[in-house]
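Respectively, the protein sequence lines represent chains A and B. To convert, note that position 77 of the first sequence is 77 in our numbering; the numbers rise steadily by one, no gaps. Just remember that our numbering sits 1000 ahead of the position in the second sequence, which is counted from 1.
Calculated from the structure, these hints are not laboratory results. Each hint should be verified, as a subset may be incorrect.
Unchecked claim - Cβ-to-Cβ under 10 Å is the rule here; a few derived chain A residues that face chain B: (1) SER5; (2) LEU41; (3) PHE101.
Stated by the list, open to error - Below, simulated DSS-like cross-link-like pairs (lysine-lysine); rule was C-alpha separation at most 27 Å, straight line: (4) A:LYS65 to B:LYS1164; (5) A:LYS60 to B:LYS1177; (6) B:LYS1484 to B:LYS1347; (7) A:LYS127 to B:LYS1403; (8) B:LYS1164 to B:LYS1177.
Think of the CB as a built atom: it goes at the ideal place given N, C-alpha and C, for glycine as much as any other residue.
Spelled out, the chains give:
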Amino acid sequence: MKVFSWFNNTFLILLAFICLFPLLHILAISFSSSAAASAGLVKLWPVDFTLKSYEFILSKHEFLKSMTVTFQRLVIGTAVNMILTVLIAYPLSKETKDLKFRTLYAWFFIFTILFGGGLIPWYMTIKYVGIMNSIWALILPSAVPVFNVILLLNFFRGIPKELEESSFIDGAGYWTTLWKIMVPISLPAMATVGLFTMVNHWNSWFDGLILMGRSDQYPLATYLQTIIKGMDLTKLSGQDAIVMSKVSDRTAKAAQIFVGTLPILIVYPFLQRYFVQGIVLGSVKE
Amino acid sequence: MKTTSTKWMLCLALSASLVLASACGKNNNEVSPGTPATSEATSTPDDSAAESIDPFAKYDPPIEVTAVRDLPASILFREGENIDNNVWSREYEEKLGIKIKYLWTSNSDYSQRLNVSITSGDLPDIFPVDAVQLKQLVDAGQVEDLTEVFEKYVSPEARDLILKDPNQMKSATFDGKLMALPRVGSPYDSSQVLWIRADWLRNLNIPEPKTLEDVVAIAAAFTTQDPDQNSKDDTYGFALTKDLHKGGFANIQGFLNGFNAYVGAWIQGSDGKLTFGSVQPEIKNGLAKLQEMYKAGYIDEEFAVKDGSKVMEDLVSGKIGLSYGAWWNPAWPLQTVKDQDPTAEWKAYGIPALSGTTNKLQLSFPVAQYYVVKKGAKNTEAIIKLLNILVENGYSKNANIEKYFIAEDGFLYNNYPLVFVSPADGNVNIHLNMKPALENKDDSKLTGEEKGYYEKIMAYRAGDPKSWTNEGMYGLDSAWPFVKEKIDADLIQHDQFFGAPTPTMSQKNANLDKMLMETFTKIIMGEVSVDEFDKFVSNWNKLGGSDITNEVNEWAAAQ
Chain A
1 MKVFSWFNNT FLILLAFICL FPLLHILAIS FSSSAAASAG LVKLWPVDFT LKSYEFILSK
61 HEFLKSMTVT FQRLVIGTAV NMILTVLIAY PLSKETKDLK FRTLYAWFFI FTILFGGGLI
121 PWYMTIKYVG IMNSIWALIL PSAVPVFNVI LLLNFFRGIP KELEESSFID GAGYWTTLWK
181 IMVPISLPAM ATVGLFTMVN HWNSWFDGLI LMGRSDQYPL ATYLQTIIKG MDLTKLSGQD
241 AIVMSKVSDR TAKAAQIFVG TLPILIVYPF LQRYFVQGIV LGSVKE
Chain B
1001 MKTTSTKWML CLALSASLVL ASACGKNNNE VSPGTPATSE ATSTPDDSAA ESIDPFAKYD
1061 PPIEVTAVRD LPASILFREG ENIDNNVWSR EYEEKLGIKI KYLWTSNSDY SQRLNVSITS
1121 GDLPDIFPVD AVQLKQLVDA GQVEDLTEVF EKYVSPEARD LILKDPNQMK SATFDGKLMA
1181 LPRVGSPYDS SQVLWIRADW LRNLNIPEPK TLEDVVAIAA AFTTQDPDQN SKDDTYGFAL
1241 TKDLHKGGFA NIQGFLNGFN AYVGAWIQGS DGKLTFGSVQ PEIKNGLAKL QEMYKAGYID
1301 EEFAVKDGSK VMEDLVSGKI GLSYGAWWNP AWPLQTVKDQ DPTAEWKAYG IPALSGTTNK
1361 LQLSFPVAQY YVVKKGAKNT EAIIKLLNIL VENGYSKNAN IEKYFIAEDG FLYNNYPLVF
1421 VSPADGNVNI HLNMKPALEN KDDSKLTGEE KGYYEKIMAY RAGDPKSWTN EGMYGLDSAW
1481 PFVKEKIDAD LIQHDQFFGA PTPTMSQKNA NLDKMLMETF TKIIMGEVSV DEFDKFVSNW
1541 NKLGGSDITN EVNEWAAAQ
């Protein structure tokens, strides 16, 4: 037994280190001098320690701007997502006798998981709705995360009916029951779903790239993608090279990646304990 | 999470069907905007035939033109300025009465985003496209014919500049109609030469290379004789990336030129027909030599998995001192080497040939971007006026470089204009002007731009290693003396094919290219014998190469 746990611990620590390694490497590069970084001398500890790249990103307009866009998106987007998720999941968790055509409604949502219009119709819809180049282009198209709806729906079903019934007996309607009984009791599931949506909003870059007209409207993930992807070296021209010599600064990129990861990294531990519990609870029903 | 992955799959599937969709768009477009366009074409000559045409005439009242474009990520604006308000946008408005409204701009993936716009028919008036998109748009009838407006509105200086190399203009011409303005440039800007660390040569007491044999000998010495004198066996003789002949540095194009082999280019065969350079027997000789060098350890044994930025690490950390690359390598990555190790002294050495032979310098076709006008756009001629004013302000005798291109403090404005072209011999001329100035230490005859470089070079010579870039790009150590030599001797190998990709090319090129890369890599690494090259050539022909060759020759015959 002891041998097993010893092995087990070593294995897990190694695994944790493997996960941590890229992040530490990026952190070390961000604190190193740029010449040392481009010579590939930096491993896990900064070489020629300097704070230059952090000074640089603090003065970098685009980075700060994209950070604000992302926070805006995160706050509004998560709020919209959560409200809609709850409002859809609760009625759908009822039996057909309580909600006529429940199955039809449910399929209406599930259908969107299975089939979608595709890129071009998606783009054209957003364009003709008239929300291109605004923050709503990043929020409304993904306003209803159906997967989360199903998760929450299952969680609601797992809650003993007696709770709800007692609330009805005390004279509460569906509305009051939802906000006063169901939602407070489902906090673990809500936290899970909330974390999903937050991470989703934080990470998605493609919509920003396609839907936002100017680079100063890009959310953080899109902005990072554009600076990291950089240029295709097989297609460089002379003019690009001069550009390259100015932007190829790895330390600045590393600093931006690190600062860009930090906020969501901080959120995680706080919601983590709900996270596991939430999925398990949501998945099991009577 | 599920939703995003579904969306992603759909994105992929849909982008694959982009081509299909754009083909469908064709019909719609031909029916509706076709009629107004023709009526417009007939009405304009009457209007303007009355007045004599001034290429710089101002629109009164001012017009608004919509556009999209890519902006380099590094573009900088003066305090309070942006793409809608800068020295060029003000110039457009004040001189021409043209206000450009950018629907969107993108600093990466421009082409991808533009494909979405093209497919959904959501096009601005003026926008830059690549050769493939141009062909698609022309086939679908989505862009205006510019032949007439070009003839009528172009200024004499702009005409001279853009027609200097007629092939560049030809590449935008379909069935005798000018469908786009090519972003003309200098073919010499694609020059690739040999860069060597002169300080290592001195350390080892080796003379400068004259022939390809010398180059191989230097690679050997750099591998085995400890050129950096740190008493460690940590150096390689020859820089190479997994992209082999592609990419701007650490490639084999210049090396193969030494064997009279021109990889990736369409060249005139002995029978006068065009043949593909990559399948010629000279390539085999070059590969055999590379295989030898790999076996002897001159080339990093892991080159096949190293991309440009990895090889750059080896350069910067002082492991490699010999690399074939573009003339602009001093800007990147060689300046970084110098930043890390100020004693590093890179110098260009042309493209040495096998002893007793002469070789040509391989250049690629300089136009990668075309400016088009949407079918049915009002004021088709506006694009020509944008060209006129660019040439007037930047390249004519009235040019004012400091005001419009590069400010005296080095601030760059040349990314601002929507329509941009550059002269066919720009950078060579800069070097030729700088040469006497540098030799005589006299900058009085230089233009403003050149003076800027001159000052940087002087700063470098006064002891600032961070200012070396311009010495390497335009100074006496640069690639230009060798390029000029080749130009004067008429030893230039242009890529003879510059049309849009032929049908078989669009279908088969990706596979053929993959096969080429695999075979070349395996041969260099010695996994297969060099005779595998012959098998590759016959496979290449069988799998579409001979069809492509026919198509290219048909195209050439039609020119």
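Hint-by-hint comparison with the structure:
The beta carbon of SER5 of chain A comes no nearer than 33 Å to any beta carbon in chain B, farther than 10 Å, and the hint placing it at the interface is violated. Evaluation of the LEU41 of chain A hint against chain B yields a held restraint, the C-beta minimum of about 7 Å falling below 10 Å. Because the smallest distance between the Cβ of PHE101 of chain A and any Cβ of chain B comes to about 23 Å, over 10 Å, the interface hint for this residue is violated. Among the hinted pairs, LYS65 of chain A with LYS1164 of chain B is inconsistent with the structure: their alpha-carbon atoms are about 44 Å apart, more than 27 Å.
Of the supplied pair hints, the one linking LYS60 of chain A and LYS1177 of chain B is violated, its CA atoms being roughly 46 Å apart against a limit of 27 Å. Distance check on the hinted pair: LYS1484 of chain B and LYS1347 of chain B sit about 16 Å apart at the alpha-carbon level, within 27 Å; holds. Under the criterion of a C-alpha separation no larger than 27 Å, the hint pairing LYS127 of chain A with LYS1403 of chain B is inconsistent with the structure, at around 38 Å. Restraint check for LYS1164 of chain B and LYS1177 of chain B: the C-alpha separation of about 19 Å stays at or below 27 Å, so the hint holds.
This entry does not satisfy hints 1, 3, 4, 5, 7, going by the numbered hints stated previously.
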